[in-house]
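> What follows is the residue order along each chain.
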Amino acid sequence: MAAKNGEAAAPHVELRRVTKRYGPVTAISDLSLTVDKGSFTALLGPSGCGKSTLLRMIAGLEPITAGQCFIDNLDVTDVPPAQRRIAMVFQSYALYPHMTVRQNIAFSLSVAGQPKKVQNERALEVARILQLEPYLDRRPAELSGGQRQRVAIGRALVRKPEVFLFDEPLSNLDAKLRVQMRLELAKLHADLGTTMIYVTHDQTEAMTLADKIVVLDKGVISQVGSPLELYNAPANKFVAAFIGSPSMNFFPVDIAAINGRTASVVLPGGRTVEIGIAAGAGARSAELGVRPEHLTVVDPKDPAAAFAGAVAIIERLGNSTILYIETAVGQLIVEGEGDLDAKSGQTVGLRLNQSHARLFGATGATL
Amino acid sequence: MTASVETGADLVAPLASRRLARLRHLDLVGLVITLVTVVGAVLWAFPLYWGLVTTFKPEYEVVRPGVELWPQHFTLENYAHVLLQTKIGLWYVNSLITSGAVTIIVVMMAAGAGYAISQLEFPGRRFFWWMILASFMIPIPALIVNHFILMSQLRVINTLAGVVGPQLIAPVTVIIYKQFFDSVPKDFREAAVIDGASEFQLLFRIYLPMNWGVTTALAIITFIAAWNLFLWPFLAVSSEDKMNITVGITQVHDAFGVSYGRDLAVAMLAAMPVAVIYLIFQRRVTQAIMLSAGIKG
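Order-wise, the sequence lines are chains Y and F. If you're matching positions, the first sequence starts at 1 in our numbering and goes up one per residue. If you're matching positions, the second sequence starts at 1001 in our numbering and goes up one per residue.
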């Protein structure tokens, strides 16, 4: 990943063969991960995939059952949270209700016994960055959701941490504010250049904010890569299905022949298409994955049409139109132009952009 | 309040008659409830009134037969005697010291114990919790002999410390604190831990301030209970100089025996601070009683 200020990319946070067990339940199993200095890394996955547990282990809030955690090449596995030079922003913000914004921001300095003057100066400095100056003497209950969020970030910022940890920080905000705070977080990262690790189940947040996304599934890393790598070259069906909205279409196909890096795939209608695969892959049957924008609505009699089907539901989003089309292989989602001419119940043909289609084997791995 | 069911006819009926019907309905139920309440209030308040009126009567009026609801000769002699001829000032101070000490120590200990049991991991935590629960199943008067022996072995009988000692057993306060600390979201603790707060800082800067309402409520009822306590201070202290105001009441007699007017005057004076505290903190006291009633079931 590109590091800020021209520094060479270096691992900043590293998990080595980490396992977390709760009694008989294994939440994380034998996971290794490196986060580069200055990067914005998102831990992405459905609820229960272990992403928050992972973050809490980096923070030191959750003891590690087996394995090691390094921050700046120092083994911090058994170091208490306060000495890890990290700061964390909680989903609930965890602002102390009985303290003012100023006291909340300066809390870490105050427990460290810093003089009042230093506390005030630093709180003011942070408030200035986050535009919280007018609210310094208010209590959290008197603030809006977005302001509370900023106070929570301020409380992290005041510690001048080496690593910022965010645990789904935007999920309590309404849609509009979420977009705004997303921009502010991106700006903050650009300004500070500090390593940030961000847990979310929202792929849009992960795609827009992160330069590296770690997709987790049942306590195991499914894939690590840049947002576009995950989108265009998913390592498996889980990543392919999880990234992208509306999500990818999948349907079973037969493989007629494999010629080096292409496979001849027989579609359910009998038509054969050539799909790119990794060298050396082999299988008789597989699942074909096609993103909604890689299916185009055409006339059903068009010779290029791979499928035909009836339009079930139309969602008009303005800039695009989402069609749910009942075909012989099941329901397919198609994303078309905003002014796409289609009616519910109408029979349409679908052309497949085969260069963007992906084949997934029986285990779910990309072929 | 009475609930009224709106029927179709109700809606059509003219407003005035509808209001009248509702009024009549209200009247009957309201009347019964008011009567019952008034009777209850009279039954409850009459002894207080009787006691208060008696303090303003000369002794011969108190002891003569018949019920007199108002003094024939109004006098402040009883109060004058109690305030000038007894050690009531000292008893007040003793009550204030012992009740204040009990309140402060109980609240501090209970907050600490409640915090430890709620938030800390240590061996024997469950055992301590069960012990506290068990200890509150035993009525304190059942242990009063043991308390006496223990205090006498500690050589604090007939001292203010001896009065305070056994009153520090307050399992209910610990239980209430534990439950409130349990309900503080975990995120607050974790955020503070990341900020480097110690357990003491967590307790005194996060958990206690976030539960100030509970602390004040518990402090007030602990104080009132300690102030009103009679049996233990009566047993623990024999010299007049160490007595609480409640025990002091027993000392207001002279060579001619008991004087009811004087006894009641000192009782009124003893109850006054508590009544004032109650009036000022009415809402908090009710809250505290509901808290402990919820636990005592």
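Mixed in with the good hints there might be a few duds.
Here are the simulated EDC-like cross-link-like pairs (lysine to aspartate or glutamate), alpha carbons at most 20 Å apart as the crow flies [what the hints assert, rightly or not]:
1) F:Lys1186 to Y:Glu62
2) Y:Lys218 to Y:Asp30
3) F:Lys1186 to Y:Glu168
4) Y:Lys160 to F:Glu1190
Pair ranges (Cβ atoms, derived) [to be verified]:
5) F:Leu1133 to Y:Ser32: 43 to 49 Å
6) Y:Arg21 to F:Gln1179: 26 to 32 Å
7) Y:Asp191 to F:Pro1209: 29 to 35 Å
8) F:Pro1209 to Y:Lys117: 36 to 42 Å
9) Y:Gln180 to F:Pro1185: 21 to 27 Å
10) Y:Thr204 to F:Pro1185: 23 to 29 Å
11) F:Gln1282 to Y:Ala186: 50 to 56 Å
12) Y:Leu228 to F:Phe1127: 54 to 60 Å
13) Y:Ser344 to F:Pro1185: 43 to 49 Å
14) F:Ala1161 to Y:Thr65: 17 to 23 Å
15) F:Pro1209 to Y:Val79: 27 to 33 Å
16) F:Ile1144 to Y:Thr65: 26 to 32 Å
17) Y:Gln68 to F:Met1108: 51 to 57 Å
These are computed hints drawn from the structure, not numbers from a lab. The structure displayed is predicted, hence computed values, not measured ones. For each residue, glycine too, the CB sits at the ideal point set by N, CA and C.
> Does each hint fit the structure? Answer for all of them.
Hints and how they fare:
no.	hint	verdict
1	F:Lys1186 to Y:Glu62	holds, 13 Å
2	Y:Lys218 to Y:Asp30	holds, 12 Å
3	F:Lys1186 to Y:Glu168	holds, 16 Å
4	Y:Lys160 to F:Glu1190	holds, 18 Å
5	F:Leu1133 to Y:Ser32: 43 to 49 Å	holds, 47 Å
6	Y:Arg21 to F:Gln1179: 26 to 32 Å	holds, 30 Å
7	Y:Asp191 to F:Pro1209: 29 to 35 Å	holds, 34 Å
8	F:Pro1209 to Y:Lys117: 36 to 42 Å	violated, 23 Å
9	Y:Gln180 to F:Pro1185: 21 to 27 Å	holds, 26 Å
10	Y:Thr204 to F:Pro1185: 23 to 29 Å	holds, 27 Å
11	F:Gln1282 to Y:Ala186: 50 to 56 Å	holds, 54 Å
12	Y:Leu228 to F:Phe1127: 54 to 60 Å	holds, 58 Å
13	Y:Ser344 to F:Pro1185: 43 to 49 Å	holds, 47 Å
14	F:Ala1161 to Y:Thr65: 17 to 23 Å	violated, 51 Å
15	F:Pro1209 to Y:Val79: 27 to 33 Å	holds, 29 Å
16	F:Ile1144 to Y:Thr65: 26 to 32 Å	violated, 52 Å
17	Y:Gln68 to F:Met1108: 51 to 57 Å	violated, 42 Å
The earlier numbered hints that this structure contradicts are 8, 14, 16, 17.
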